[in-house]
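K.L.:
Note that our numbering numbers the first sequence so that position 140 is 600, with each residue one more than the last.
Possibly wrong hints are sitting among the right ones.
What follows is a list of derived Cβ distance ranges for each label pair [as the list claims (entries may be wrong)]:
hint	residue 1	residue 2	range
1	LYS491	ASN685	26 to 36 Å
2	VAL716	SER650	41 to 51 Å
3	THR550	ASN657	47 to 57 Å
4	ASN685	HIS649	26 to 36 Å
5	GLU688	ARG610	31 to 41 Å
These are computed hints drawn from the structure, not numbers from a lab.
The model shown is predicted, which means the values in this text are computed figures rather than measured ones.
Quick reminder that beta carbons are idealized off the backbone N, C-alpha and C, glycines included.
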Amino acid sequence: MPELPEVETIANGLHKRVAGDRIESVWLGSKPEPLKSTAAEISSTLQGSRLARVRRVGKHIVFDLASEDLPATRQWIVHLGMTGRLLISTPEDELPKHTHLVARLESGRELRFVDPRRFGRLEVRQNSFTGPGAEPLQISADDFAQLFHRSKAPIKGALLNQKLLHGVGNIYADEALIRAGIRPRRRAHSLTRTELNKLHAALRKVLHAAIKAGGSSISDYVDANGDEGFFQIQHRAYGRGGKPCLTCKTPIKKIVVAGRGTHYCPRCQK
DNA sequence: ATACCGACCTGTCAGC
DNA sequence: TGCTGACAGGTCGGTA
461 MPELPEVETI ANGLHKRVAG DRIESVWLGS KPEPLKSTAA EISSTLQGSR
511 LARVRRVGKH IVFDLASEDL PATRQWIVHL GMTGRLLIST PEDELPKHTH
561 LVARLESGRE LRFVDPRRFG RLEVRQNSFT GPGAEPLQIS ADDFAQLFHR
611 SKAPIKGALL NQKLLHGVGN IYADEALIRA GIRPRRRAHS LTRTELNKLH
661 AALRKVLHAA IKAGGSSISD YVDANGDEGF FQIQHRAYGR GGKPCLTCKT
711 PIKKIVVAGR GTHYCPRCQK
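All chains should be modelled from the sequences, with the hints used to inform the complete structure.
P.N.:
This is how it looks when you write it as structure tokens:
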């Protein structure tokens with residue numbers, strides 16, 4: 461579900477609402493799929509920890525944990541997958557179907573992880589988590605060009621490769637490419653430096669605009685406060701197959717690239 | 001090493 | 001109304 465702008469919105473919202481609170485106890489569901497660490501590791505690490513800070517790394521939500529006896533080097537990492545959600549609730553709120561973790565907080569609230577499709581992952585770590593790739597909003601144009609100029613993959617696939625850049629998903633890959641005027645099937649190494657610069661700038665711009673809009677709500681995405689994002693009204697390619705290009709009126713094409721539904725303008729994108 | 005492709009899951013929606 | 005199949009914001013592992 462969530463890509464960089466949505467995860468950033470969720471992490472910032474969670475930070476505002478739960479930073480400083482302490483986890484008193486943890487309930488874990490019986491389904492093991494969402495766990496990368498063992499249930500015992502997750503329970504023992506979270507229990508008693510203070511949520512010092514909540515932030516985004518790539519598409520991951522990172523909770524920096526602190527406790528009386530240990531320095532703040534432990535982290536709780538949450539990847540939301542396609543349908544994962546972190547909800548702040550009261551104990552009286554009905555437990556949603558597909559709830560996999562409930563953390564009871566000192567404040568009396570509960571932080572719940574709900575994920576119907578179970579593509580999300582929970583993990584605890586001791587060391588500092590830096591994510592699989594580079595941050596799209598921090599990387600320089602030079603380093604950005606370096607990442608892609610040797611890859612034979614279609615540029616759309618390369619943008620989705622989290623080991624290169626982390627945080628870009630299907631929506632923002634399509635939205636960056638249409639804004640940069642580049643076809644999704646172009647081999648990454650075939651892009652000129654001018655095109656890579658345009659793509660770097662377009663990606664930064666679209667991600668910043670989407671963060672400002674609170675992300676894209678396609679079906680059920682809501683942030684930590686339950687509010688919808690509204691960047692979807694600014695989509696030019698994603699979800700607009702058959703509809704006229706906002707620049708030239710040519711119908712937007714929908715194809716499959718790197719196994720993902722891909723939308724582009726056959727006239728504006730070269 | 002690189003790049004496709006199915007698998008992993010549930011829910012929703014279109015079409016019959 | 002109800003069934004079937006396609007599709008969905010992501011990632012991983014196997015295979016070519």
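K.L.:
Now, for every hint given, state plainly whether the structure supports it.
P.N.:
Consistency of the hints with the structure:
1. Take LYS491 and ASN685: their Cβ atoms lie about 27 Å apart, and the range 26 to 36 Å holds.
2. Evaluation of the 41 to 51 Å hint for VAL716 and SER650 yields a failure: the beta carbon distance comes to about 20 Å.
3. Against the hinted window of 47 to 57 Å, the Cβ-Cβ separation of THR550 and ASN657 comes to about 50 Å, which satisfies the hint.
4. Look at ASN685 against HIS649: about 43 Å separates their beta carbons, and that is not inside 26 to 36 Å.
5. For the pair GLU688 and ARG610, the beta carbons lie near 40 Å from each other, so the given range of 31 to 41 Å is met.
Of the hints listed earlier, those the structure fails to meet are numbers 2, 4, in rising order.
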